[in-house]
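*Asks:* One-letter residues, chain by chain:
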Amino acid sequence: MMLCCREVARKIASDEFQEANGWQRLGVRLHLLMCRHCRRYAVQLHSIGETARNLWGPHTEDPSTLERLEREIMETALGHPEGGRSDPK
Amino acid sequence: MKMSIDDPQFAERIRAADPEALRAVVTSYLGQIHRAARSAGLDRERAEEVTQATFTTFIEKAKDFEGRSHVRTWLFGILYHKIRETRRQLQQERQMDEIDDAFEKRFDAKGSWVRPPQPVDVQLYASEIRELFEDCLERVSTQQRMAFVLREVDELSSDEVCKILNITHTNLGVIIYRVRNRLRECLEAKGVERE
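Sequence order for the protein chains is A and B.
Taking the numbering used here, the leading residue of the first sequence gets 46, the next gets one more, and so forth.
Taking the numbering used here, the leading residue of the second sequence gets 3, the next gets one more, and so forth.
Heads up, a few of these hints could be off.
[Claimed, not checked] Here are the computed lysine to any residue pairs in the SDA-like style, where the Cα-Cα straight-line distance is at most 25 Å:
no.: 1; chain 1: B; residue 1: 63; chain 2: A; residue 2: 116
no.: 2; chain 1: B; residue 1: 65; chain 2: A; residue 2: 115
no.: 3; chain 1: B; residue 1: 63; chain 2: A; residue 2: 117
no.: 4; chain 1: B; residue 1: 192; chain 2: A; residue 2: 81
no.: 5; chain 1: B; residue 1: 192; chain 2: A; residue 2: 79
no.: 6; chain 1: B; residue 1: 192; chain 2: A; residue 2: 116
no.: 7; chain 1: B; residue 1: 165; chain 2: B; residue 2: 14
no.: 8; chain 1: B; residue 1: 192; chain 2: A; residue 2: 67
no.: 9; chain 1: B; residue 1: 65; chain 2: B; residue 2: 18
no.: 10; chain 1: B; residue 1: 192; chain 2: A; residue 2: 92
no.: 11; chain 1: B; residue 1: 63; chain 2: A; residue 2: 113
no.: 12; chain 1: B; residue 1: 192; chain 2: B; residue 2: 131
no.: 13; chain 1: B; residue 1: 63; chain 2: B; residue 2: 48
no.: 14; chain 1: B; residue 1: 65; chain 2: B; residue 2: 162
no.: 15; chain 1: B; residue 1: 165; chain 2: A; residue 2: 62
no.: 16; chain 1: B; residue 1: 63; chain 2: A; residue 2: 115
no.: 17; chain 1: B; residue 1: 192; chain 2: A; residue 2: 100
Keep in mind the hints are simulated off the structure, nothing from the lab.
Could you build all of it, start to finish, from the sequences and the hints given here?
*Replies:* Pasting the structure below:
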């Protein structure tokens, strides 16, 4: 049941690996232990994900933009400004 | 009366357009939706427009909310449609310009380089990484981008992503696989990929 590199790469890239059962995961893990090309591939995909999280993760939110958006949404949708809270405008 | 958004009864309050419930939804998911809009390749202004439109539609259609899926799933579904509409319009607008323009500007009238291609530095600043990512994602469809971002950045379950994008698990696997490979190939070609 040896997996070929293409198969391993496909499983890693499609998240099939993440969702696989124990035996299937073991097959991929064993392959990765022996194959530096697949290892590199896996590491690269991981760092791509990390970069995406750095670019668009929760820490990139700007609280003042969100506050303004929320105010605008509530005003348009419900037809009245933030009830109760004082509005600096 | 305090109630969590995850409560089944919360759906009823949304259906009844209870302002407090609607506001709770806006407050809880505004950040996530706005980030998803930005990461879908829209500029700042358009990302804000799409975010507002998503919540406006949500509030307008609140009475149709059946509560069969989580309210977040519903919101992302609305967002997905809005982004697709917006990007379709944009793509029609810029069929030619962008890429062609950038290319043409590198040459003089005789066709010789005035701005020859530069070697890519391996040490990249955050702003450059952003540009590169955007470049590499240029030809990726809205569906592919959303699938990638929702899984990779928002770390939603594949079940939820399938519901939002209305695709099967097999579809999702293929889509994610394509986006990742496209990104990897593209970054490698630009000489950016490192171990």
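*Asks:* Taking the hints in turn, state whether each one holds.
*Replies:* Status of each hint after checking the structure:
1. This hinted pair checks out: residue 63/B and residue 116/A have alpha carbons roughly 19 Å apart, not beyond 25 Å.
2. Simply put, residue 65/B and residue 115/A have alpha-carbon atoms about 21 Å apart, close enough for the 25 Å limit, and the pair holds.
3. This hinted pair checks out: residue 63/B and residue 117/A have alpha carbons roughly 18 Å apart, not beyond 25 Å.
4. Our distance criterion of 25 Å between C-alpha atoms is met by residue 192/B and residue 81/A, whose separation comes to about 22 Å.
5. With a CA separation close to 28 Å, the supplied pair residue 192/B and residue 79/A exceeds the 25 Å bound.
6. A distance of roughly 42 Å separates the Cα atoms of residue 192/B and residue 116/A; the hinted pair therefore is violated under the 25 Å criterion.
7. With a C-alpha separation of about 21 Å, the suggested pair residue 165/B and residue 14/B falls inside the 25 Å cut-off, and the hint holds.
8. Under the criterion of a C-alpha separation no larger than 25 Å, the hint pairing residue 192/B with residue 67/A is inconsistent with the structure, at around 37 Å.
9. Distance hint between residue 65/B and residue 18/B is fulfilled; the C-alpha atoms sit about 6 Å from each other, no more than 25 Å.
10. Taking the CA atoms of residue 192/B and residue 92/A, the gap is near 16 Å; set against the 25 Å cutoff, the hint holds.
11. With a CA separation close to 23 Å, the supplied pair residue 63/B and residue 113/A stays within the 25 Å bound.
12. At most 25 Å may separate the alpha-carbon atoms for a hinted pair to count; residue 192/B and residue 131/B meet this at roughly 11 Å.
13. Taking the CA atoms of residue 63/B and residue 48/B, the gap is about 22 Å. The hint holds against a cut of 25 Å.
14. Restraint check: the Cα-Cα separation between residue 65/B and residue 162/B comes to about 22 Å, which is no more than 25 Å; the hinted pair holds.
15. As the CA atoms of residue 165/B and residue 62/A are separated by approximately 21 Å, the hinted pair is consistent with the 25 Å bound.
16. Only pairs whose Cα atoms come within 25 Å are accepted, and residue 63/B paired with residue 115/A is accepted, the gap being roughly 18 Å.
17. This hinted pair checks out: residue 192/B and residue 100/A have alpha carbons roughly 19 Å apart, not beyond 25 Å.
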